[in-house]
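Undergrad: One-letter residues, chain by chain:
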Amino acid sequence: MNSEQPEEHRGTPIGRRVFLGTLGLGALGVVAAPTLQRGLEAFLGSAADKDPTGLTGLLPNGGGFRYYSVTSSVPHRNAGNYQLKIDGLVSHPRTYTLADLRALPQTRLVKDVQCVTGWRVPDTPFEGVRLSALLDAAGVTAKAGAVRFSCFDGAYTESLTLDQARRPDVLVALRMQDKDIGHSHGGPVRLYVAPMYFYKSAKWLSGITVTEDVKPGYWEDRGYDVDAWVGRSNGRDDDPTS
Amino acid sequence: MILRVDAAPQAPVRRFGRSQKWVHRATAALMGVCVVTAAALYVPQFAELVGRRELVVRIHEWAGLALPVPVLIGLASRAFRADLGFLNRFGPHDRVWLRAALHRDKRRSSRPAGKFNAGQKVYASWIAGATLVMLGTGLLMWFTHLTPIQWRTSATFVHDWLALTIGIVLAGHIGMALGDPEARRGLRTGSVSREWAEREHPLWRP
Chain E
1 MNSEQPEEHR GTPIGRRVFL GTLGLGALGV VAAPTLQRGL EAFLGSAADK DPTGLTGLLP
61 NGGGFRYYSV TSSVPHRNAG NYQLKIDGLV SHPRTYTLAD LRALPQTRLV KDVQCVTGWR
121 VPDTPFEGVR LSALLDAAGV TAKAGAVRFS CFDGAYTESL TLDQARRPDV LVALRMQDKD
181 IGHSHGGPVR LYVAPMYFYK SAKWLSGITV TEDVKPGYWE DRGYDVDAWV GRSNGRDDDP
241 TS
Chain C
1 MILRVDAAPQ APVRRFGRSQ KWVHRATAAL MGVCVVTAAA LYVPQFAELV GRRELVVRIH
61 EWAGLALPVP VLIGLASRAF RADLGFLNRF GPHDRVWLRA ALHRDKRRSS RPAGKFNAGQ
121 KVYASWIAGA TLVMLGTGLL MWFTHLTPIQ WRTSATFVHD WLALTIGIVL AGHIGMALGD
181 PEARRGLRTG SVSREWAERE HPLWRP
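Residue numbers (the numbering used here), protein chains in the order written: chain E, 1 to 242; chain C, 1 to 206.
Rather than coming from a laboratory, the hints here were simulated on the basis of the structure.
If you want the ones that stay clear, here's a sample from chain C, every Cβ over 12 Å from chain E, calculated:
id, residue
1, ARG18
2, LYS21
3, ARG25
4, TRP62
5, GLY190
Residues from chain E shown here face chain C by an in silico Cβ test under 7 Å; the list is partial:
id, residue
6, ILE14
7, ARG16
8, GLN37
Facing chain C, from chain E, some residues (calculated, C-beta under 10 Å):
id, residue
9, ARG10
10, THR12
11, ARG17
12, VAL18
13, LEU40
14, SER69
15, VAL70
16, GLY118
17, SER184
18, ARG222
19, GLY223
20, GLY235
21, ASP237
22, ASP238
Ideal Cβ positions, reconstructed from N, Cα and C, are used throughout, including at glycine.
Only chain C is shown next, with the shape it has when bound in the complex (with noise of 0.2 Å):
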């Protein structure tokens, strides 16, 4: 443990651009105009207070062909391009971080971070995996005539289960945001306490 003795105020750190606060805005209300929508055509109770399917379908199909764009045109910005360097390179350090997240270990010092520690960074690669497997199955069920009927039910069941899959995966992200003011002060602003970057991402060099 480390005792902190620093009274001064310190000055906030950089930690995301305008690029990476909109990419994460504009996919975050996608997403959940997705989530809407979908409980609204899959849960009964949301469906009956709803109703109106035809334009629920609209929105949805829309929203979730419209998911990936904020991601492409981000890629034109070098910061972001950056962010998603570090997000897909693992060091050893991100192996000690998983096996402590699955004993359970909130220590800090089992937890070595750079700029996104592994649990980030697993659920960043996964999530654009699962959008574009939503996406790509989805679109066989909207354009059903131009696969073989075995294809349509076929994409019909992963959607469905990756759905469920990807709303309880969500409601973590979420949840861990909630718990967590300053990261979402990051997206927010784009800068953090310098306190909180060396705590929660010590091996970040802003």
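If we strip away everything but chain E, and leave its shape as in the complex, we get (with noise of 0.2 Å):
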């Protein structure tokens, strides 16, 4: 080594020792997660509570929903252009305004929501009507066996067998939070299958088809599990919230 490089060619290799500590540190943060995620999700969903300024809600884990569109915008619907349409293998086809189904019977739940990539968002109330008592109203055919949903966003699609659309904890659902609910959470109308990932829940809804047979909805054309019971599905072990 000459004199006109000073240590620049000996000197400690701490470059390497900086890189492989980082991925030394990553992987043990995977195998640190499980317990390091609890005790962060507990800490900062009662932050979340009370932080008037939402910055919480960037966080990971930081609660709350997060919003997630499949199109590249989405037309706004209100009280006076939102249509639901009913049809398919029923007796009785039906278009309901926002007005129709606000006057008939409604079902509050409170549950937990949980997203299949990972959020959960506990004890949220949703209110609306039914779904069983939509499909009783139209008269499902003999030869029925599946339920289709459509959204205004014109691309999401979802699915339910006729059996699940008809548990009691599927709602076509108009208030969550004890709100009506806003174009960003689905509004004015969105499905909220309560036992099931969040992406069954699909928002904007504008139309119900019953169909002879399950075909799949658009993320499930995508890899995710049509039958998507909440920690029985998608390969995650999430705690059931219905």
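Dock chain to chain to rebuild the complex, using the hints, since each chain is given by itself in its own frame.
TA: This is the structure in structure tokens:
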């Protein structure tokens, strides 16, 4: 080493140690994640309740809902122009306005919401019309075996078997967290399938079609499970929500 | 303090060759794509603005996968490998630099540096390791059926928190570059002024 290049080629290989140390910490993080996550969730969950800035919502596991949409923009619908069409294998197809739906008996459920990407929002009230009531009113024919949902974002679809659709914890929801459902949460009307991962709870619900067989929905065409029971599908073991 | 009396224009000093410039450019572009798409997937306001979730996920995955490629290609260049050597090796002066940085001592005399200062060395090594951790955890989240359930949840946890950390550190990296036009010129044109080199990297012998 000549004196023109002081210590640049000698010296301790600390860069390599920092590099390997970071990799090691990453691996350790994956191993320790379940423990760390439980602690952080408890802490951030309670912090989020008292946080007026909403910044905790941006932290991982910081509590609260996240906005997912599969299209670039979604039209807005309100009481003036919202319509929900029920058709397919039914004896009385019909179109409901928002006022029609509000006039029907409402059911309120308070359960956890679990997203398949990991976030969970505890004790979230949903309120609306039981899907079974709408199906009964429409008169499902004997051949029917499934229900397919379409949305006014123009792309999203979902489906349930008829037995799943008739569960008492499946709602055509008009209210969430005791407020009318806003646009970003899928308002004015969204599906709420309490026992399943939240991708089943299609936002911006505009059509209910009774069919013979289940046809996989948007995310299910892209690898998610059709029967999306929380804790028993999609390779996850979350606590059941309903 | 040294009073400089050189009015004469000085020949610029060669700091980076083509390989280093392009490795940095390509890595920065891919990292930028990762950060922007991550924001569109993660921050509710951006998610609402952008939508198109599936497309954004695909772009994020492929940009992440490609992120180490420029450095790997750069290894073919002798000049790039030499710089990696500089980044790796820490001398006694780097200890002085780090201690001064911890004490917010901004005096030139307490910040001795070779071609790269100790902060740049630590940053380079850390961001390289962090990128690979992001790549590994990202792959676990991408190919969900290859590993047990718990791995995916844990990988998501590390990926999320490390993403936040990288975002902050990267903002610092960019902020410091914005505050030093001559350093940016070095990466843009390959050359810096001798005055800057002697001031910022007194132990560097180009």
